[in-house]
Amino acid sequence: MTPNLHLWLIPILPLAGAAINGLFGKRFSRQTVAAVALAFCGAAFAMALWIAAQFSSLSLPHVEVLATWLRSNGFSVDYSFAIDQLSLVMLLIVSGVGFLIHIYSVGYMWEEGGYYRFFSYLNLFMFFMLTLVLASNYLLMFVGWEGVGLASYLLIGFFFLRDSAAAAGKKAFIVNRIGDFGFLIALFLMIKHFGTLDFQRVFDAVKPFSPETAGVGFLTAIALLLMLGAAGKSAQIPLYVWLPDAMEGPTPVSALIHAATMVTAGVYMVARSHVIFERAPSALMVVAIIGTLTAFFAATIGIAQTDIKKVLAYSTISQLGYMFLACGVAAFSVGIFHLMTHAFFKGLLFLAAGSVIHAVGGEQDMRKMGGLRKHIPWTFWTMTIATFAIAGIPPFAGFFSKDEILWRAYQASWIYWLVGVVTAFLTSFYMFRLWFMTFFGEYRGAAEASHGHDEHAAHGTHSGPGSRAEAPFHSAQGGSAPHGHGGIHESPAIMLAPLVILAVLSVVGGWVGWPGSLGGNNRFDQFLGPVFRVSTPAVNSEHAQAGESLPPEKETEGAEPKTGQRTELIFTGISVGAGLLGLFLAWLLYLRRPELPDQLAASLHGLYSAVAHKYWIDELYAWLFVKPLIALSGTVLWRGIDQGVIDATLNGSADGARELSDEVRHMQSGNVRSYAAWVAVGATAVIAYMVWVGLRTP
Amino acid sequence: MPDNDFVRSYLPLLIHFLLAGALAGALVLLSWLIGYRKPTRAKMSPYECGMTPIGDARARFSVKFYMVAMLFILFDVEAVFLYPWAIILKDLKRMGQGLFGLSEMFVYIGIVLVGYWYIWKKGALDWGLTISSPQAARITRVTRSGGSSQEPEPELVGVAGKGGL
Amino acid sequence: MAALQTMQGVPQAGDYIRILPEIVLSIFGMIVMLLDPVLDERRSQRTLGGIALLGAIAALAATLYQAQPRFWGFGFFDTVKLDAFSVFFHFVVIAVTILVILSSYEYMEVQQIRAGEYYGLVLFGTVGMALMSSAVELVLIFIALEISSISTYILAGFRRRSAISSESSVKYFLLGSFATAFFLYGVALMFGATGSTSIARISAALADYAGTGHGPMLAYLGVALMFVGLGFKVAAAPFHIWTPDVYEGAPSPVVGFMSTAPKAAVFAVLLRIIFEAHFSETVWLIWLAAALSMTIGNVAALVQDNIKRLLAYSSIAHAGYLLIAFASLPANGIPAAMFFTASYAAMNVGAFAVIGHFAGHGERYVMLEDYAGLGKRSPVLAAILTVFLLSLIGIPITGGFFAKFYVFSAALQGAHPLMGLVIIGVINSAVAAYYYLRVIVVMYMREPREDAPVAPISAGLGLALGLSLAATLFLGIYPNPVLKYAALSVGLLH
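Residue numbers (this note's numbering), protein chains in the order written: chain A, 1 to 698; chain B, 1 to 165; chain C, 1 to 494.
Excised from the complex, chain A in its bound form:
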């Protein structure tokens, strides 16, 4: 027997924090509220570390049954938590990054109303997220799944006085419900076919099946429905629309929920269910295609955004697409690897963006920033690391995970790889665009300093949280002009410390997955190996070869290690090149020639004068790539498809429902006689049916 780790304590601790702050927080001082929230969240993190320390002595998977939840009719579910390599990784990410973001929030939210409420919700979120991660059956996982949705809804709508925030919260919740419905039906199918929802038992029941290569069986159906759920939670096509709107929430919330943890729950769920997915190749293909398309599509939209948080939101969607791509080519551990590095650098990006917004007094429009690197050096340097990480520049964390994904994708199909590399280029381009626009050049916001806040109020739909959130804090901390823009200043230490820690992780976090081709041995992959290896389908498919079951540098490429590694190195080179190209173009367009994009987009005349200019090659690049891209991104993809088609479809169906609803209401005339007539009509129908049945039965 392995020791009792009291796993249930991990989620319960933040719940206790949420309860204390929620019930009594109104009477607490801010310091007390923060102390309570940090203490309970920190305790959960400490426990996670303690478990990690003991991990090698556990027999895996380590399951702890707390109580029977329900047992009926041969079907039973327990309150039980489990830990294995996969959930340990998730546990450390969630509690660790979560703890850092808690610390950051103490400073960020200091001047906000509803301080206790914020931390209560934040702890509540941690409770549900940890439940999701530690659950040892699908039902308990679903509880966490719904719960994080609820907490996310509460936090998106935190600045509830603005209609847009309330609407965004509702949108997130309802879009998620659509995904949940797929998840739920998948659960019902599992109960029907396996009579259990316990991970271990479901997977044991699935294992004897051979992959459903021909036709669509129930495994494929379950897998697709699970993917629908994952697409809702992790903002994939076509259910991604809620995530950009979710940026209405306070920035730490965006960092925690909409970047580092909750949105990755879908990836975790797919990886967790890999046994099912591996036996449903067509579902896997769907996962890969959705992932690839989302990655590319969201990246192109990211190019045209000017709101700093929206750029990051689309980039999150795009990165999640990478993770699904990895899962879709059965490289689950690589997907989880990218999930981890992404949690570091995207969490960092959001927190740093929050620090930037904070510094410029609530402005979120990048066009009104610039030259900030001298004013906020800490934020600048940490953000720089994160940007290099996401762009896939070695040796930062993102390089290792993204490169690994692309390599695996190539082994499945070169199309995935090609789209992936293009996306990597786009990612690098828009991230460096953000970086240059924010930190380099001249500060462009000063001119509007005098009437800054009115301006925000006027177009407050997306710059709102900042103007409400940061300005008071700023004036308190900076002690300068009450109107915020007076002095661009660095954030306090309590906000910077998490940035620095995440920055370190964004550098070294990827080293655990140092690939064989570069002389490492990919310890991360080996660590997760046992989880994914046991699942190899009885009858091998191509996916199993390309997949996780065998550590790549040992078996898959064992036959011809040199050639394989050389190929891999070439591909690594290409993807790094794509990242550098993005950097170069961004530099060219937004720093070296900042007027170019505008000129190009504005008129053909601009092009002529540019051609006459010395850097004609730059303009050629711009003309060849950037202008079409910007046009495509700005008008076709974002305005056209995102806003026009997908939003309109959702809104349209809402309108349809409303009209139908009105129709139904017209039945409700209030007239008793017409009511009686309705009852009579219904009765006639029922009688007619039963008579028909009676006549049909001999």
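Possibly wrong hints are sitting among the right ones.
Stated by the list, open to error - If you want the ones that stay clear, here's a sample from chain C, every Cβ over 12 Å from chain B, calculated:
1. L54
2. R70
3. E109
4. V139
5. A181
6. S203
7. L288
8. P481
What the hints assert, rightly or not - Below, simulated SDA-like cross-link-like pairs (lysine to any residue); rule was C-alpha separation at most 25 Å, straight line:
9. B:K122 x C:G50
10. B:K90 x C:D15
11. A:K26 x C:K376
12. B:K38 x B:V28
13. A:K374 x A:R444
14. B:K122 x C:T47
15. A:K192 x A:P208
16. C:K484 x C:W72
17. C:K376 x C:L467
18. C:K376 x A:G22
19. B:K121 x B:V107
20. A:K26 x A:L15
21. B:K90 x B:S9
22. A:K26 x C:V380
23. B:K122 x C:P37
24. A:K171 x C:V303
25. B:K122 x B:V68
26. B:K90 x C:Y16
27. A:K192 x C:I427
28. B:K122 x B:A69
29. B:K121 x C:I31
30. B:K90 x B:M105
31. A:K192 x C:A487
32. A:K192 x A:T68
As the list claims (entries may be wrong) - Simulated DEER-style distance windows between Cβ atoms:
33. A:W692 x C:A188: 15 to 25 Å
34. B:F72 x A:L695: 42 to 52 Å
35. A:V691 x C:K376: 52 to 62 Å
36. C:L54 x A:F218: 49 to 59 Å
Hints are computed from structural coordinates only; laboratory data are not their basis.
Glycine included, each C-beta is placed from N, C-alpha and C at the ideal position.
Please build the complex by placing chains B and C on the supplied structure of chain A, with the hints as guidance.
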């Protein structure tokens, strides 16, 4: 068919209905055939006595009318249950359960009496001074019950609830 | 009638124990009636409410007493049957009654309704509902149905000063009588077809009929008519049409009462008729009724601005979810339906208790905009209502989640895979999230209105809310005992 015997057991009832219908029909037919008719306006009206049938159908009646009618029906129907009981009582006595049968009826009557006491105490049986005007009825009620009740409905509610039991 | 023909002796003590809760409720109801006229009308409501509460608690104790398996069995010449099934519904109905009495206490004072017979009617109505769940003879079922219906007709009109309440009462009465007539015709036809009104004997007679002439046709007609009558009572489409108007006008605690307890009882009757008398042909009928109820209920609720109407439509939708269980196999369907009934009762009574409290004198504040900023004005009540609404949506760790979960999974395990119905159901529950959330959004994310005051919570209401909240969460966190008990009745019923 098992239900042939079953249906046959209802044959006397059918004959009874037929006979009753025939008798009633014959009487009406006979009086129509051999009766001596001399119509007047008053005679042609549906009822020769009681309220005048001509006029606005929406004329307001005191709720007391309905009250009394409903109470009558309720207690009437309750009294009807005494008849089947009376028939079974002999059988019960033969089975040595006469006392049980008797006590059951006392329980039953007790329940009826509770209802009776209730409507009595609530004033539903008080006809009051005037019956034509609702306002007057209300005034009587107000003076009688210490000015607390403003509307006459409580009785209606109470009695109908009793009927439900 | 049937009872007299089969009379073999006199009732024994066991027979009385099998209807003990009904006896207790009747006695307390009569005590209320006896005391009501002699007490001062202005003060009587507290005393009478207290007596009614005592009676309901005594009835609950009686239910627990009769729950011992040694008392189980038929009683009163096979007209009532005590088993886990009827005990379960007795418990639900009487528990709802306790909660309603507790929450009415304050409501009646705020509304200044001086009426002792209110509590008497609640108790008598409960007698009917309790009897319905244990009756296994159609005439007795009819009588029980009428006892409960007539009580609720009157209760619906209890806000006498409000025209809308009288309208609600009259509408309910007229349409309800119309519907019970259908039920009675159905009983008559069934009697004609099988020569009995006992469900067990009808079942046996129908089994004999298999493959013979005209008998079944009458039986089918009978079932159709009974379904119409019962479908009306549970507000299932297409017989739901009365619900919004009636719920809007009736006093809020009464709506809480009549949207849960009588429904539970009628569902018990439907369960007995459908599963005990083997009417498998009704599957598609129920399929259609379920799909229609869910869709109409949820879609119409989207545009409601009156919270009582909104919950009326939600109750139609919930009847639809519940009917899904009826279309599945007994082994799964019965416990699922029972669990659903219990958890729906807990959350809906609680929700209407909160609404009744917010409504204020004359039920002035029942529009959605009156709920603006309630999260600020009355954080505790708003939080409690939020839990009930989340449960109605079906969020995990609330009873509503498992209610739906069981119903859907029961439907998928049946011999007829009701996949289509389940998909309709799950889509509907996603749609439903919209309008429940709307209430939550309004409560928490709109500026408070100054002119809608919130009175402090009285002890009785607090207790009622606490109990229904505890029940809702208990059913969500630890549903096992309830489910186990519900599963007990499968073998007994089928």
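Structure-based check of each hint:
1. L54: 18 Å, holds
2. R70: 24 Å, holds
3. E109: 15 Å, holds
4. V139: 14 Å, holds
5. A181: 17 Å, holds
6. S203: 15 Å, holds
7. L288: 32 Å, holds
8. P481: 35 Å, holds
9. B:K122 x C:G50: 21 Å, holds
10. B:K90 x C:D15: Answer holds: K90 of chain B to D15 of chain C is near 23 Å, not above 25 Å.
11. A:K26 x C:K376: 12 Å, holds
12. B:K38 x B:V28: 17 Å, holds
13. A:K374 x A:R444: 14 Å, holds
14. B:K122 x C:T47: 18 Å, holds
15. A:K192 x A:P208: 17 Å, holds
16. C:K484 x C:W72: 18 Å, holds
17. C:K376 x C:L467: Answer holds: K376 of chain C to L467 of chain C is near 24 Å, not above 25 Å.
18. C:K376 x A:G22: Holds - the C-alpha atoms of G22 of chain A and K376 of chain C are around 14 Å apart, at most 25 Å.
19. B:K121 x B:V107: 21 Å, holds
20. A:K26 x A:L15: 17 Å, holds
21. B:K90 x B:S9: Distance ~24 Å between K90 of chain B and S9 of chain B Cα, so the pair holds.
22. A:K26 x C:V380: 13 Å, holds
23. B:K122 x C:P37: 6 Å, holds
24. A:K171 x C:V303: Roughly 17 Å between the alpha carbons, so the hint for K171 of chain A and V303 of chain C holds.
25. B:K122 x B:V68: It holds: about 13 Å lies between the C-alpha atoms, which stays within 25 Å.
26. B:K90 x C:Y16: 23 Å, holds
27. A:K192 x C:I427: Holds. K192 of chain A to I427 of chain C sits at ~20 Å (cutoff 25 Å).
28. B:K122 x B:A69: 17 Å, holds
29. B:K121 x C:I31: Cα-Cα ~14 Å, so holds.
30. B:K90 x B:M105: Cα-Cα ~14 Å, so holds.
31. A:K192 x C:A487: 18 Å, holds
32. A:K192 x A:T68: 20 Å, holds
33. A:W692 x C:A188: 15 to 25 Å: Given about 22 Å between the Cβ atoms, the range holds.
34. B:F72 x A:L695: 42 to 52 Å: 47 Å, holds
35. A:V691 x C:K376: 52 to 62 Å: 58 Å, holds
36. C:L54 x A:F218: 49 to 59 Å: At 56 Å between Cβs, range holds.
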